[in-house]
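Visitor: So the protein lines, in turn, are chains A and B.
Start counting the first sequence at 1; every next residue gets the next number (this note's numbering).
Start counting the second sequence at 301; every next residue gets the next number (this note's numbering).
Be careful, since some hints might not be right.
BS3-like mimics (lysine-lysine), calculated; alpha carbons at most 30 Å apart, straight line [what the hints assert, rightly or not]: (1) A/K113 <-> A/K241; (2) B/K545 <-> B/K411; (3) A/K3 <-> B/K411; (4) B/K406 <-> A/K183; (5) A/K3 <-> B/K475.
Keep in mind the hints are simulated off the structure, nothing from the lab.
Keep in mind the model is a prediction, meaning the values are calculated, not measured.
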Amino acid sequence: MNKFSFLYLITCYFLASIFTLNNHIDISHQIIGSLFLITLFGIPHGAIDNIILKSEVKISNLRFYSLYISCILLYIITWFVSPIISFYLFLIISSYHFGESQLANYKISNNNKKLIYLIWGTALMSTLFYYNEIELINLFSLFEDTENLNSLFYHNYFKIVFYVSNILIFLSLIFLQLKNQIKASVFRNELFQLFLLHLTFYLFPVIISFTLYFVFLHSLKVLSQEFNYLNIIYKKLSISKFIILLAPHTLLSLAFLAFFIYLCQNNIINISILLLTVIGISVITLPHSIVMTKFYEKFK
Amino acid sequence: MLLNVVQSIAPDNYVAFTFFIGYIAMLAASVFFFVERNSVSDKWKMSLLVSGLITGIAAVHYYYMRDYNLVTGDSPTFFRYVDWILTVPLMCVEFYLLTRLAGATKSLLWKLIFASTWMLVCGYIGEAFNVDGSTSHSVTWGVLSTLGYLYILHSVWMGEVAGLADSSGSEVVKKGVRYLAWFVLVGWAIYPVGYMCMDGGWLNGIFEASTLDIWYNIADAINKIGFGLVVYTIAISESKKELAK
Chain A
1 MNKFSFLYLI TCYFLASIFT LNNHIDISHQ IIGSLFLITL FGIPHGAIDN
51 IILKSEVKIS NLRFYSLYIS CILLYIITWF VSPIISFYLF LIISSYHFGE
101 SQLANYKISN NNKKLIYLIW GTALMSTLFY YNEIELINLF SLFEDTENLN
151 SLFYHNYFKI VFYVSNILIF LSLIFLQLKN QIKASVFRNE LFQLFLLHLT
201 FYLFPVIISF TLYFVFLHSL KVLSQEFNYL NIIYKKLSIS KFIILLAPHT
251 LLSLAFLAFF IYLCQNNIIN ISILLLTVIG ISVITLPHSI VMTKFYEKFK
Chain B
301 MLLNVVQSIA PDNYVAFTFF IGYIAMLAAS VFFFVERNSV SDKWKMSLLV
351 SGLITGIAAV HYYYMRDYNL VTGDSPTFFR YVDWILTVPL MCVEFYLLTR
401 LAGATKSLLW KLIFASTWML VCGYIGEAFN VDGSTSHSVT WGVLSTLGYL
451 YILHSVWMGE VAGLADSSGS EVVKKGVRYL AWFVLVGWAI YPVGYMCMDG
501 GWLNGIFEAS TLDIWYNIAD AINKIGFGLV VYTIAISESK KELAK
């Protein structure tokens, strides 16, 4: 267990106490709590993509921003052309990204690692969907423009994905241990973390479940990796300097978020807040995951 | 006398059966640890004595708990907490004994004993003094109890105990403390889960009260005997190393 799992565990105990007192947490409180944590840790973890990439690749500011924004715009267009394909693409990209951030620290051989990253992330996402199917269907059914995202749950294919990916990641971890690519202690830690994820996704509502994972096991971990990396690059980096580095793009993202919510609420753009959130997260995930892949190639 | 008791346990009374098995297993483990004290070097004798005491104290309590359960059919909450309040701090003493050579101080020992006692006293107040099944009462004391648990968990995984094990210079001690930390993380988790399963708890209804006793009995046996066996393995390995020098 590392410090991130420990924080995750403390939060789970804390939430269990709240659920015992109230039996449930109102959806609006869930969203407020999740937004607060995601704003505090989730958005900043992708806010220094420019610094990360520029420390590895020779690229001018103009070129970086042009490429980054083009990537976002291209994905936005894809959303308007085919929302379903874009949604599935988002699931695949985020699965790979989550798997990569989870396992990139281990010396997995190049032949298998990309596939194992994808399997780990797919197991995570399908587990989230598997235990919260009805809640997600109800959520997507709230708005007309998100109803078609429910196609994910047609024919129960995602259940097959859930079983197959979970079995495969279990077998992959055994394989990696047998091939000495991960230590026995790492193997146990990974199994424990998967067990913890299953337990929390089963016990808590979908928004809380995802936020718990995204904030404590993903964002905080990536922030810590970025801090350690920049600490080497800048010779010595203080926490306050790190926060200053994170601030500009975090604030910019929040300003954009507020702007689009305003457009949405005032019917200036004809799109539901839920779809806007999904599109928003997906379009920033794409360039971020590309930068992070570059980062993990160097960072061990 | 013993045979009479065995015969009086109904074949489908799994609670009484696990109390009986638990009692025998703990007793056997105690005998084993006490006898094996002679196989280890002097500096490890105390660790094995404590291991034997943990299982010995539990054996006595399991003997009473089995009878109590057979006569009343109730869950022996009081005896359970008396058992835990004596044995859990002793398990914390094991952490101190294992890391003493790496520089563990008396203050660490007292901090761990205090945290474990705090955890159990708060848990007992939450469980036993809640006659009207008040949720706020059980949550308040549950949260307070969990603070003690989290302190121990932090100490053995990434705090003082973990740091001392890392600096001990012994791979066996390092590995052993890590195994014991797994016991605290996974094995001890049954207790807060059990607490949440009682009346008014969030997980109430997932297990029946009687089933919960079975889980407690199995977990207790694994935690206490397993804990002792890890300590025994470390003691034997380190003693062999010392002999070879």
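Visitor: For each hint, tell me whether it holds in the structure or not.
Guide: Hint check:
1. Restraint check: the Cα-Cα separation between A/K113 and A/K241 comes to about 34 Å, which exceeds 30 Å; the hinted pair is violated.
2. With a C-alpha separation of about 35 Å, the suggested pairing of B/K545 with B/K411 is violated against the 30 Å cut-off.
3. Pair hint A/K3 plus B/K411 holds up; C-alpha atoms about 21 Å apart against a cutoff of 30 Å.
4. Taking the CA atoms of B/K406 and A/K183, the gap is about 34 Å. The hint is violated against a cut of 30 Å.
5. As the CA atoms of A/K3 and B/K475 are separated by approximately 19 Å, the hinted pair is consistent with the 30 Å bound.
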